[in-house]
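**Student:** Residue numbers (our numbering), protein chains in the order written: chain A, 7 to 92; chain B, 36 to 282.
Derived by calculation from the structure, the hints in this document are not laboratory data. Since the structure is predicted, the reported quantities are computational estimates derived from the model, not experimental observations. Don't take each hint at face value.
[Unchecked claim] The following label-pair restraints were derived from C-beta to C-beta distances:
| no. | chain 1 | residue 1 | chain 2 | residue 2 | range |
| --- | --- | --- | --- | --- | --- |
| 1 | A | 24 | B | 273 | 47 to 57 Å |
| 2 | A | 87 | B | 169 | 27 to 37 Å |
| 3 | B | 139 | A | 11 | 47 to 57 Å |
| 4 | B | 115 | A | 40 | 32 to 42 Å |
| 5 | A | 37 | B | 195 | 33 to 43 Å |
| 6 | A | 67 | B | 104 | 31 to 41 Å |
| 7 | B | 186 | A | 40 | 33 to 43 Å |
| 8 | B | 37 | A | 81 | 29 to 39 Å |
| 9 | A | 11 | B | 181 | 50 to 60 Å |
| 10 | A | 34 | B | 256 | 47 to 57 Å |
| 11 | B | 144 | A | 29 | 44 to 54 Å |
| 12 | B | 260 | A | 9 | 55 to 65 Å |
| 13 | A | 23 | B | 135 | 50 to 60 Å |
| 14 | A | 37 | B | 182 | 47 to 57 Å |
[As the list claims (entries may be wrong)] 25 Å max Cα-Cα, derived PhoX-like pairs, lysine-lysine:
| no. | chain 1 | residue 1 | chain 2 | residue 2 |
| --- | --- | --- | --- | --- |
| 15 | B | 57 | B | 235 |
| 16 | A | 87 | B | 114 |
| 17 | B | 57 | A | 58 |
| 18 | A | 87 | A | 58 |
| 19 | B | 37 | B | 60 |
| 20 | B | 115 | A | 58 |
| 21 | A | 87 | B | 57 |
| 22 | A | 58 | B | 130 |
| 23 | B | 210 | B | 158 |
| 24 | B | 130 | A | 22 |
| 25 | B | 115 | B | 158 |
| 26 | A | 87 | B | 115 |
| 27 | A | 58 | B | 158 |
| 28 | B | 130 | B | 72 |
| 29 | A | 22 | B | 235 |
| 30 | B | 115 | B | 72 |
| 31 | B | 37 | A | 22 |
| 32 | B | 130 | B | 235 |
| 33 | B | 130 | B | 37 |
| 34 | B | 114 | A | 58 |
| 35 | B | 130 | B | 60 |
Note that CB positions come from ideal geometry on N, CA and C, so glycine has one too.
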Amino acid sequence: MNIRQEIETSYREACKNRNIEVPESLEDDMVLLESGLDSLGFAVLVTDLEMKLGYDPFTLMDEPVYPRTFAELFSVYERFKDRAQK
Amino acid sequence: MKTKPILITGGTRGLGLSICRKLLKSGYEVVAAGRTKSDELSQLIESHHETPSSGSISFERIDLADCASLHSRINEISKKARGLYGLVNNAAIGKDGVLATMHDSEIHDVIRVNIEGSIIATKYAIRSMLLRGEGRVVNIASIIATTGFNGLSVYGASKAALLGFSQSLARELGKANITVNSVLPGYMKTDMTSGLEGEKLKSILRRSPLGRLATTDDVAETVDFLLSHNASSITGAQFKVDAGSTC
Ligand SMILES: NC(=O)c1ccc[n+]([C@@H]2O[C@H](COP(=O)([O-])OP(=O)(O)OC[C@H]3O[C@@H](n4cnc5c(N)ncnc54)[C@H](OP(=O)(O)O)[C@@H]3O)[C@@H](O)[C@H]2O)c1
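Could you build the full structure based on these sequences and the hints that come with them?
**Tutor:** Put into structure tokens, the structure is as follows:
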């Protein structure tokens, strides 16, 4: 399973469903909240990824962390990948 | 057409069971949740199996006091149902007693089940609605959330919390085509009110312009309406079903 690819695909889908234009390539330093995806769209993304990857890192973490950039979002999912339940 | 699974917490007894019965008749996929499968619920499930009509009904074990278990339990239920369409937050405990002598553990229990457990269960239940792009949440509050009653301050606080929760959640989820509404029942005869008799009951009856109590079936009708297509433009609303006792 390629986590980065799954995140990118889900991210593009979440944006498409909310009629938001997504850049051709998703750069590491892209600021999530400036990308057009609002907090509800982000919730849809996290839900979709939980279905696909089998875990929700935001529920698993002890202290809340809010990723700012695409790279930070990716690293949160990387950090908890061993907790996936499939 | 997509199926419409509805999770009813506290669907094992009292009002929750009446809601399950009504929603089953309306053709929903009813998932009745609680800590123990009651005899009445078992009978309802059995009789549906014997004379199947539209809709379905099943039991799922959930303990709202065990908040840490709710993420996985609700996910399992949603997965089994292939995505929830609706949630009825009906389960609650009603500890009656004056605040000054109510045991601290009882205060914690009411807050945990009626507020914390219900909010966390909602958090995970709405996720499948977000993916569906549609959904319904109905919160069962109480007239006690807005009127006082001697000995019900903690319970009343928990029900008022649920009303506040509903209003903001309705704002948050509107864009996702999910409605959130509250139903405020008056006194109904269930296990929860089994101690309510004599003069107290008489005074409640006197307050009702209709001269009677609302029944669990009356309240179930309102819940059924709020889940239906006819209620698709109603969100953030509060419905009293109390035979007029608070008017
Ligand atoms: N009765 C009234 O006059 C009245 C008036 C206004 C509002 N209400 C509201 O109506 C709703 C239903 O009340 P009711 O009178 O039907 O009460 P009830 O007869 O006491 O039933 C309560 C239900 O909640 C479930 N429940 C309790 N603790 C739970 C827990 N920790 N985890 C999961 N489920 C739990 C019970 O199932 P298990 O025991 O199987 O867990 C049961 O199905 C409640 O929200 C109540 O506040 C009632």
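**Student:** Against the structure shown, which of the earlier numbered hints fail to hold, in ascending order?
**Tutor:** Failing hints, ascending: 1, 6, 7, 12, 15, 17, 21, 22, 24, 29, 33 and 35.
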